[in-house]
Amino acid sequence: MSERPKLSIADVGMLGSARTRREALKVMMMGGALIVLPGAFAACSDDNPTTPQPTTPNTGTPLTIDFAKGDIAVLQFAYLLEQLEADFYTKVVAAFNSSNLTAAEKAVLQDIKYHEVLHRELFKAALGATNSFTATPTYPGVNFNDRLSVLNTAKTFEDLGVAAYNGAAQYIVSPDYLLLAGKIVSVEARHASVIRDLLNPKSADFAPKIFDDAFRPQSVATAAQGFIVDKVGFSGAPSTFVQGPNNNG
Amino acid sequence: MTTTENNSALDMIDPEIASALAGRAAEISQGAGISSTTAALLALGSVPIALGALASDVYGQTPSDVVDVLQFALLLEYLESEFYTRGTAATGLIAAADRTIFTTIATHENQHVAALQSMLTGKGATPRAKPAFDFTAKGNLPGFNFAAGQYEVFKALAVAFEDTGVRAYKGQATRLIGDKAALTAALTIHSVEARHAAQVRRLVGYKGWITGNSRDSLPAFTQGIYNGEELASQSGVAIATLPNAAANGGVDAYTQAFDEPLTMAQVTAIVTPFLA
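Sequences listed follow chains S and Y, in order. So the first sequence is numbered by this note's numbering: it starts at 160 and just counts up by one. So the second sequence is numbered by this note's numbering: it starts at 61 and just counts up by one.
Hints were generated in silico from the structure; no laboratory data involved. Quick caveat: nothing in here was measured; it's all calculated off a predicted structure. There could be a bad hint or two in this list.
[What the hints assert, rightly or not] Subject to a maximum C-alpha distance of 25 Å in a straight line, what follows is the list of computed DMTMM-like cross-link-like pairs (lysine to aspartate or glutamate):
#, chain 1, residue 1, chain 2, residue 2
1, S, 314, Y, 142
2, Y, 215, Y, 128
3, S, 361, Y, 276
4, S, 265, Y, 276
5, S, 368, Y, 142
6, S, 265, S, 335
7, Y, 267, Y, 290
8, S, 361, Y, 212
9, S, 314, Y, 158
10, S, 265, Y, 194
11, Y, 198, Y, 212
12, S, 368, Y, 158
13, S, 265, Y, 142
14, Y, 215, Y, 125
15, Y, 215, Y, 290
16, Y, 198, Y, 312
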């Protein structure tokens, strides 16, 4: 909890995310005013610390990215997405033995898992302990044993990642960080192309548009929220957004 | 942007520039240099003009930087556009099963040319003319003329051009940092070039990503396209020292995970053999 960029005891959702009654009590004590709602403890089945984390998107603790931090906020946003991707591909690789992915597909996904973990670790190192945090991904409806489910989810993540970097670049002030984003976004685009070709080989799908999308962070967060337990939000997000050629961000 | 005349000078300053200015002002007060132009304008008391010049000092760029980048990108897109247009028009060159891929790329490159021309015109510049190209690369690929049976050379050139394009756009991105529309447009082309690159690389049998500074089996004269891709540090962090780096593919993976930029001079050296 101490790793979150900004933590506020906002609502009963946080109580629901507490893993045990003890944690829930601690949370409520931290919050000061104690409002016990019926069923607030229902989410805590017992005091067993191995109780699985909640898996419903948008029900966890607030994870607020504060644009007052400038470039740090953009890096945190990228870090959030890379955590999601790295965790997803780690689970994909872990399920290789029980999945119906082909050997060639597994080789691609293994490489991508490496890349995403490295992206995540780099952002974590760049942000430092003060500004890094741990998000909780979740994959409703994803069957890690099923190649189509895995590849279609990967396609969603890679396309979203490309649009996210393309859209967030305009908020970066430091040329060094802008370059870093550029170094990563083209690798995400390579991933997107390969995943799309695995799904629909030798079609036009690898590059479905003349210009890739550029989405504003708020739009990206809305799309990613379906895979994140924490309640993703922004503080002081820029109200202006310069659209890319597709004018859909 | 024709309605700014009635606004105050302060209103005319982009908030982001103003914010960057604040930082720059602090540097200047600490003794950092400003350009002689800015100093002269400040001395003349022309505050709005001096602010504009200072803004370009802040980013180390001027509107002519943006035009320069767009003209440079246009040259690369002309090269790709002509290459794919001739390739897709040729009889018996492209394998039937791969045809959709190359017609898709050809369409994209033609549209990138049109978009860059339009952006340049919009900035009051005249788009450079399309030069004549030599796809034998001054004899490095003797006899290559998009003929039937030359598909392997065609695919190798596609890989070379796409990987160059990705690195070239990336190398110019920071020069667009003060022009959000140009930056965003360039980035949305940059990532499409990366999609193309991955696809044509896999057609040849390579991975979609670049490992180390390897040109795979491309001819030796293309090595400049890959030099510098083996970078071991990112943003001052040695990738090998990151937690999990060793367990996640080691050196190969961390060079694949980050694409590197090329300077304009490096790209010019790569492209020059293809100029007739």
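The hints, checked one at a time:
no., hint, in the structure
1, 314/S x 142/Y, "31 Å, violated"
2, 215/Y x 128/Y, "30 Å, violated"
3, 361/S x 276/Y, "22 Å, holds"
4, 265/S x 276/Y, "21 Å, holds"
5, 368/S x 142/Y, "20 Å, holds"
6, 265/S x 335/S, "34 Å, violated"
7, 267/Y x 290/Y, "16 Å, holds"
8, 361/S x 212/Y, "17 Å, holds"
9, 314/S x 158/Y, "22 Å, holds"
10, 265/S x 194/Y, "40 Å, violated"
11, 198/Y x 212/Y, "18 Å, holds"
12, 368/S x 158/Y, "18 Å, holds"
13, 265/S x 142/Y, "36 Å, violated"
14, 215/Y x 125/Y, "33 Å, violated"
15, 215/Y x 290/Y, "23 Å, holds"
16, 198/Y x 312/Y, "33 Å, violated"
Of the hints listed earlier, those the structure fails to meet are numbers 1, 2, 6, 10, 13, 14 and 16, in rising order.
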